[in-house]
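Just so you know, the protein sequences line up as chains A and B, in that order. Numbers given in my numbering equal positions in the first sequence, counted from 1, plus 478. Numbers given in my numbering equal positions in the second sequence, counted from 1, plus 42.
Read the hints as simulated data drawn from the structure, not as lab findings. Quantities reported herein were computed from a predicted structural model and do not represent experimental measurements. Every residue, glycine too, gets a C-beta built ideally from N, C-alpha and C. The reader is advised that the hints may include incorrect statements.
Said to hold, decoys possible - Listed next, the stretches of chain A that the computed footprint assigns to chain B, with coverage defined by at least 3 CB atoms under 8 Å from CB atoms of chain B: (1) 631 to 637; (2) 641 to 651; (3) 662 to 671; (4) 759 to 768.
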Amino acid sequence: MGVVLLGAVAAPWLAPHAADDQHPDLLFAPPTWPHIRDAGGHWHAPFIYPLRLVSRLEQRYAPDRQVRVPLVWFTRGRLVMSADDRRAPLLLLGADSFGRDEFSRLLYGARLSLGVAAVAALGALLVGAVVGGIAGSAGGATEELLMRGAEFLLVLPAIYVILALRAVMPLVLPASTVFALLAGILALVGSPFIAQGVRAIVAAERRREYYAAAVACGAGRARLLFRHLLPSTRGFLLVQLTVLTPAFVLAEATLSYVGMGFPGPAPSWGSMLRDAANVSAIADFPWVLAPAAAIFLVVLGLNLILQGSGVDPAAAFHAGSPVRDAGPTADLR
Amino acid sequence: MVRYLLRRLGFAVLLVFVVASASLVLTRLAPGDFATEAFGLGANPRTVARARARYGLDEPILTQYGLWLAHAARLDFGTSLLYGRPVAQLIPQRAANTALLALAALLLATLVGLPLGVVSGSRPGPLATAIRLVSLLLLSMPPLVTSLLFVFVAARTGWFPIGGMSSLDVSGFGLVRDVLWHLTLPAVALALPVAAMFERLQSQAMAEALTQPFVLAARARGVPPGRLIWRDALRVAIRPCASVYGLVVGTLLSGSFIVEIVTAWPGLGRLMYDALRARDVYLVTGCAAAGALFLAAGSVISDLALAAADPRVRAQ
């Protein structure tokens with residue numbers, strides 16, 4: 479996860495190219511791996527072989543092993559580039575259908591995809607905590623109403639709700655608006671789950687002595703909620719942050735894949751997959767599926783973090799709120 | 043029992059009603075409507091207005107809603123603006139396809155996940171660790187990633203078709219085999235994360251159930267370990283999985299949406315997506331109602347499963 483985050487944050491520096499740089503002669507070019515030994519067995523500083531077009535019809539390229547193009551470091555504001563960027567660019571993960579470098583787009587896409595997911599997760603935590611806190615501390619009809627609403631929203635399949643909400647907005651929007659819109663929609667859809675958990679914790683904490691003491695001291699409703707009750711949900715919220723983020727990365731990828739997320743040129747992982755979506759491209763040029771691998775790594779990384787901190791990803795994943803005990807012998811105890 | 047079923051039926055009706063109404067209102071509230079989407083940006087406003095009047099889209103929301111309700115009570119769900127055919131004709135076929143996909147995935151997930159969970163929960167050792175690792179991996183492979191991967195494998199190897207539901211030139215009994223062949227990849231893609239989740243839940247439940255005193259007592263009485271695990275402990279341990287079955291239906295519906303789009307499986311998800319894009323009010327509402335019906339049916343099934351597994355629930 480640290481590597482992914484670093485990649486996202488440092489993208490403009492780490493990426494060999496800008497996200498929109500096209501190389502029109504190198505559509506669907508295969509990856510150019512750096513080598514340190516050449517064909518004759520001599521050692522050099524890292525270099526790449528330029529790609530020569532073998533068949534324009536099949537878009538096949540072969541590396542030209544006679545020429546060595548060295549890599550240059552720390553030039554033009556980027557970590558590493560090829561010395562001859564115009565004719566032999568460094569394409570660590572190959573090029574897509576427009577000749578754009580997959581690796582660079584992957585890094586820039588991390589900013590979009592992870593950014594939306596993280597912002598949405600924080601938003602969901604915020605909205606859910608407030609709603610759950612109000613429900614838990616008010617009790618009675620308010621609590622009943624809010625929780626019924628949350629339960630109802632939770633029953634519906636998430637992707638359809640997200641899709642419907644997105645489709646209600648204008649279908650064609652600029653990338654920055656899409657970012658805010660997606661973050662908002664995902665936060666809204668994720669909040670009932672948080673609200674349920676927070677409400678359960680708050681309702682339990684209300685019975686504790688420190689709460690009674692605070693009430694006796696004359697603390698107002700808002701202060702009671704924010705200063706005393708909500709801080710006890712910290713652990714739960716942190717865990718849910720790790721659960722929601724991969725789900726939101728996936729939701730963004732799905733939406734962008736079907737065309738309702740980030741628009742074409744914007745390199746979010748979902749829209750990169752949409753560009754790669756035609757079947758013959760996947761069969762012949764499998765490197766365009768790199769964003770799928772990236773999504774998998776992010777989800778896996780977050781699941782491992784969850785596992786390591788003692789929460790079972792399967793249980794947390796399935797709206798079995800960690801506060802509710804779903805053990806088989808719970809009633810027997 | 044009857045009261046319980048009636049309550050469930052009431053819940054189902056409420057769910058379908060609310061979901062259908064919400065989707066109708068939402069689609070009307072969306073900017074643009076079918077007429078503007080169909081004719082595009084530079085259309086003559088008079089043409090658009092005429093089309094709107096013809097489809098009845100220029101009525102206020104409440105009027106349209108009332109009209110739809112009145113018709114729906116007679117099971118007339120309107121005519122799709124996009125396809126020109128009655129909604130009640132378009133939806134059942136697609137819904138059946140989605141149901142087939144979801145059921146196949148559920149079956150696969152149960153058949154694979156539950157036994158593996160029992161094995162890994164009852165027999166700690168290298169096998170259990172391996173199963174746990176694989177589960178963690180599979181949990182992290184969402185249907186989007188899996189279906190893309192499968193399409194890649196299918197395109198390269200040709201063992202399975204890369205999409206669609208059936209080939210063109212098959213009929214009769216061969217059609218059943220053909221559909222099954224096409225069904226494999228989408229169903230497996232959908233089933234894998236669910237199977238992993240079942241395995242994890244079942245494994246924990248099994249491990250916990252085996253610490254119960256009755257297990258020790260049974261072993262002392264000489265019950266063979268195989269029967270002990272697979273009959274006695276399993277009855278207790280199946281409860282978490284049975285209780286989560288209802289939620290799984292929601293997950294399967296969600297996952298089936300993307301799997302249908304990637305593998306071109308002609309299901310409800312694809313239809314709803316097309317309808318949403320084209321702002322086809324009646325079709326969206328019909329699809330949403332069908333989806334809600336699935337959900338309600340799924341939760342009834344899960345309750346029945348739980349009741350079958352746990353006699354204490356039946357006694358209520």
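Consistency of the hints with the structure:
A stretch counts as covered by a chain when three or more of its residues have a beta carbon under 8 Å from one of that chain; for the region 631 to 637 of chain A and chain B the count is 5, and the coverage holds. Note: the region 641 to 651 of chain A has 8 residues with beta-carbon separation from chain B under 8 Å; the three-residue rule is met and the coverage holds. For the region 662 to 671 of chain A, the assignment as covered by chain B is violated, since 0 residues bring a beta-carbon within under 8 Å of that chain's beta-carbons and 3 are needed. Under a criterion of three residues with beta carbons nearer than 8 Å to beta carbons of chain B, the stated coverage of the region 759 to 768 of chain A is upheld, 4 such residues being counted.
Checked against the numbered hints above, the structure breaks only hint 3 and satisfies the rest.
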